[in-house]
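*Asks:* Residue numbers (our numbering), protein chains in the order written: chain G, 19 to 598; chain Y, 19 to 598.
If you are wondering where the hints come from, they were derived from the structure by calculation, not from laboratory data. Mixed in with the good hints there might be a few duds.
DSS-like cross-link-like pairs, simulated, lysine-lysine; straight-line CA separation at most 30 Å [to be verified]:
#1 110/G with 524/Y
#2 401/G with 210/G
#3 158/Y with 83/G
#4 179/G with 179/Y
#5 116/G with 108/Y
#6 38/G with 561/Y
#7 598/Y with 401/G
#8 86/Y with 158/Y
Quick partial rundown of chain Y residues pointing at chain G, CB under 10 Å, derived from the structure [said to hold, decoys possible]:
#9 107
#10 124
#11 438
#12 441
Positions of the beta carbon are idealized from the N, C-alpha and C atoms, including for glycine.
2 protein chains.
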Amino acid sequence: MKIIFHQTHHTIADFDNIFKYLQEQIKKSEDALHVFPELFLTGYPLQDLCIQKPFFEKYEALLKKVEKLSSKISSDSTYLFGGLSYEYNKNKIPQSIKNVVFKLSNKGLEKVYTKQLLPNYDIFDEQKYFTPGNESCVLKINDKNIGVLICEDMWSSSFHKKDPVQLLAEHTNKQQLDFIVNMSASPYSLGKNTKRLQRAQEISSLFQCPFLYINKVGAEDEILFDGKSFICDGEKIHKQAKSFEQETLNFNLDDFQYSFKINETKNESNTWEDLFQSRIQKQKDKTHSLIPWSDDDCAEVIKALSLGFQDYAKKCGFSNFTIALSGGMDSALVLSIMRLALKEGQYLEAIYMPSIHSSPLSYDLSISLCENLGIPLKSLPIKFLHSTTKNLFGQSFSQPFDGLTDENIQSRLRGTLLYTRSNQINSMVVNTSNKSELAVGYSTQYGDSVGAISLLGDIFKSEVYRLAEYINQKHNGLIPKEIITRPPTAELRPDQRDTDSLPEYKVLDAILDGILSYRYTQKDLIKLGFEEAEVQKVFDLYKRTEYKRYQFCPILKISSKSFGFGYRVPISKSSTFYNK
Amino acid sequence: MKIIFHQTHHTIADFDNIFKYLQEQIKKSEDALHVFPELFLTGYPLQDLCIQKPFFEKYEALLKKVEKLSSKISSDSTYLFGGLSYEYNKNKIPQSIKNVVFKLSNKGLEKVYTKQLLPNYDIFDEQKYFTPGNESCVLKINDKNIGVLICEDMWSSSFHKKDPVQLLAEHTNKQQLDFIVNMSASPYSLGKNTKRLQRAQEISSLFQCPFLYINKVGAEDEILFDGKSFICDGEKIHKQAKSFEQETLNFNLDDFQYSFKINETKNESNTWEDLFQSRIQKQKDKTHSLIPWSDDDCAEVIKALSLGFQDYAKKCGFSNFTIALSGGMDSALVLSIMRLALKEGQYLEAIYMPSIHSSPLSYDLSISLCENLGIPLKSLPIKFLHSTTKNLFGQSFSQPFDGLTDENIQSRLRGTLLYTRSNQINSMVVNTSNKSELAVGYSTQYGDSVGAISLLGDIFKSEVYRLAEYINQKHNGLIPKEIITRPPTAELRPDQRDTDSLPEYKVLDAILDGILSYRYTQKDLIKLGFEEAEVQKVFDLYKRTEYKRYQFCPILKISSKSFGFGYRVPISKSSTFYNK
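I would like the entire structure built from these sequences, with the hints used as guidance.
*Replies:* What follows is the structure, given as structure tokens:
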């Protein structure tokens, strides 16, 4: 049986182009079973869009147009794609919305399956909008019996009372299926592919038939979809599509040699346990630190970030980019990743904004980096604006300032200049904060925390270094070595070092990962060997900086727990419970 | 039967004070049935806190302490309060969390009921965290049969498959209950009280017994709880607690004359229909505009906002406040509301930051307002900083700027100075944007849109005027009349008027309410009589300014659809579906 996987890449609600894609595939008239991702017709995640009348009215119009394509389809082709199915009340207000699979053939458009498990943890809000289905689906196409699932349906966990895989097994008596297809819009996180493959192997073994997994590609604000659609049969992964790229996978199921390894052990997956995962591990020297990233991990993350900012820019209509370069590690990494992913016709520039505390080294390193990358570096000194502001306060309030006030003003003046430049050339400002900074609030609100989107907001500082080293290894020392080796500093006061007020990053990041896994109390971390004073300091910083994270820009999500839409913590609360 | 309602006001997770309150009540040993709000023991909404180990470990410790209070309770007293009930897996990770009612008496602490309906629309995420119950509860206390419900349980709607009120009726055969008590943490919105009372009257009539409603008080970031606990019996509301204030309501149920009006009509409530409500109404002149606020509405909203910023300040540890005053309506209203709600020991100041485009009138009006309010006004001219920045760009880029870039720089310099002042005196900056501005993006990101919390972000501009007039009527023209009557302007270029780029506010606000109700397309609004060009303009502005709302501060929520946590719309999307 010939099957074509459409690992597509569309913008949410881009109905015209979504229709055009489908229409073109049908025009090609390749006789096959064509399979598309979950919610192909609308995009995902839609959130409130799906309850806005302008949205669902236009969507219903699309559905009608799609239905008419039926007459153009040969009797040997079938199209399976995801979409929404609405029921309305008498006032044309949605009463129920279902996440379904449509089957389009020369017999018409037919709704064949409704997603049973609606994920509602972390970034997922599906139970807010959708009504679950309650029936297994076995399609008969060209004499083949095909089990159909949508994304979360393949996972079993204590989040959900039922298990659609088990239900499908009961429904089919395990023997009768020729293959199972899971149509997904499954968000990326590091390690997710391995998890998907394992679960697919389990299900394939359980049913003794191939398991086909199709996933979409693209970035929707902070959420990345990696594609990596695949066909597995028992233990064997026969074919896998690229990550983060649109691709059409064309194959004949009969060509594959089936190789089973029966293994009926079914593990719980997507549980709280899973979501609470921590990446702290005991090292050989008996200290605990983050599991380091492999080269493959680094390559994958860089690909994810590249798609992330490019998609956001395209969907928001930007082709110019302005980055504030400090001579430090974070901005150098952001600039390098962006430069490597830059497309024809796009313009990328760096702005260096020295204050009286900026060292000449920072400027030299910025120049070297921009030379290596071949991008323009502009200098906008803030010294005079800084002293003018100080004078203004001295005059107006007879109350000059220093300390933190004086540090923050420098950062905010930079934010102001950066956005003035952004206005001037209609460029997108990409934020340069990392996850460690965000977690302890080591940044100035409306200062260095500004930006349209954050590339490193889900990447700890020690991982920032790891990525820089990986890039240098792959690209011949693109990033000047001294940027990586110099001690990190915000340069907001004389001789400032990050370590003046923070533990060294290796320790900080491990403690933070512990906190953000939600699995550790102060006592637990101290028991692992972290110093009590350091643990307490990190918890204290974390708990009183929620307000900074609240107003932060979207963060490209690459881990299972990112500060972004899925991280929901009240700002105002008594936070004494975090104490030892 | 003597009953005491504890309409309490605590901070989320403030376990020590929550325990102290309970302990003190028990010490007073007033023999009665003591009733507390939903999740009294933890606070609400908790979001991710309830899955963080430091939280649930300390909460379990609290539960143990509460249990021990049992020995101090007389045989004639019973305490009913809300709390959480956890089940853990072998790794001590929550497997299931239930929102329950505890009964504390001299017999011990007992979990008596689990909330059946978990709201999951708009700001509510309960299905993300909690497992629903599936049993009705009738408690026998002092020979009385008491039906128990938690908050959402009293509402029936198409959101939920079941109806706990109906189930309770079946369970009790409608006749046997002496009264029903609903323990709530029900967020405020304008008009919510009326809705609650109506539903209570329905249920009371259905069961032919009194219906007791207890609600908490307080502001949790953007979400306000108004209290207004009450006792109703059929049609009659016997007693109602204050709004937005902690109160103990002490009453004997036998004292009330029961007055029924049997009415078994049960309306659906809390439906999409309900949430999609629009406040546009046809006026006598046949145009459509917002239903105007009554004096009572104004009083209620001002009380809500006052509690909102005061609670946020208290919980975040601020007693100083800095407001940027422009001489316009919004900042004048914010300042006035805050002044009227100011407490002893708090410090409130206004900062006026004129640019070259600021008119002398703006300064004069700012002076008059601050004199009326008796608060200090500081002036910090941005003219020199503005010209310095322009020169800097001219020098560094040989590319001077004007137009929007030149407008935004003024606003951002003000944001920078405002936060410098905030740093200097450790004051909280309260945002002064209104809902109309937010909806069309008529503000500068990191400029006038800065702030720790927004007072007017859920209030349309025409309602801002309404509140100002109400305050002037109640407080003898506190706000200089010309602030209200002068044409609104951002004063960022010569002779600028809001109406240069926006429809007049009465029209704008009606169109916006239409858009935000999610019920109207462009065509629908044009059909109501709005001008096509204006409708299109407003939709265009709305759809391309999502990114500004994303990074905005928490907004005190006073309507059923606020731009805040419950408003979930992707930034990057194809927005052509909004077009006509």
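*Asks:* Run every hint past the structure and note whether it holds.
*Replies:* Structure-based check of each hint:
Using a Cα cut-off of 30 Å, the hinted pair residue 110/G and residue 524/Y holds, with the two alpha carbons roughly 27 Å apart. Proximity of residue 401/G to residue 210/G is assessed by CA-CA distance (about 47 Å); at most 30 Å being required, the pair is judged violated. Of the pairs offered as hints, the one joining residue 158/Y and residue 83/G is violated, with about 61 Å between alpha carbons and a cut-off of 30 Å exceeded. For the suggested pair residue 179/G and residue 179/Y, the alpha carbons sit about 15 Å apart, so the restraint of at most 30 Å is met.
With a C-alpha separation of about 36 Å, the suggested pairing of residue 116/G with residue 108/Y is violated against the 30 Å cut-off. Between the alpha carbons of residue 38/G and residue 561/Y the distance comes to roughly 24 Å, so the proposed pair stays at or under 30 Å and holds. Pair hint residue 598/Y plus residue 401/G does not hold up; C-alpha atoms about 51 Å apart against a cutoff of 30 Å. Restraint check: the Cα-Cα separation between residue 86/Y and residue 158/Y comes to about 22 Å, which is no more than 30 Å; the hinted pair holds.
Checking residue 107/Y against chain G: minimum C-beta separation of about 7 Å stays under 10 Å; hint holds. Interface restraint check for residue 124/Y: the shortest CB-CB distance to chain G comes to about 29 Å, outside 10 Å, so the restraint is violated. Contact between residue 438/Y and chain G, as hinted, is supported at the beta carbon level, the nearest pair being about 5 Å apart and thus within 10 Å. Because the smallest distance between the Cβ of residue 441/Y and any Cβ of chain G comes to about 4 Å, under 10 Å, the interface hint for this residue holds.
Of the numbered hints given earlier, the model fails hints 2, 3, 5, 7 and 10; all others are met.
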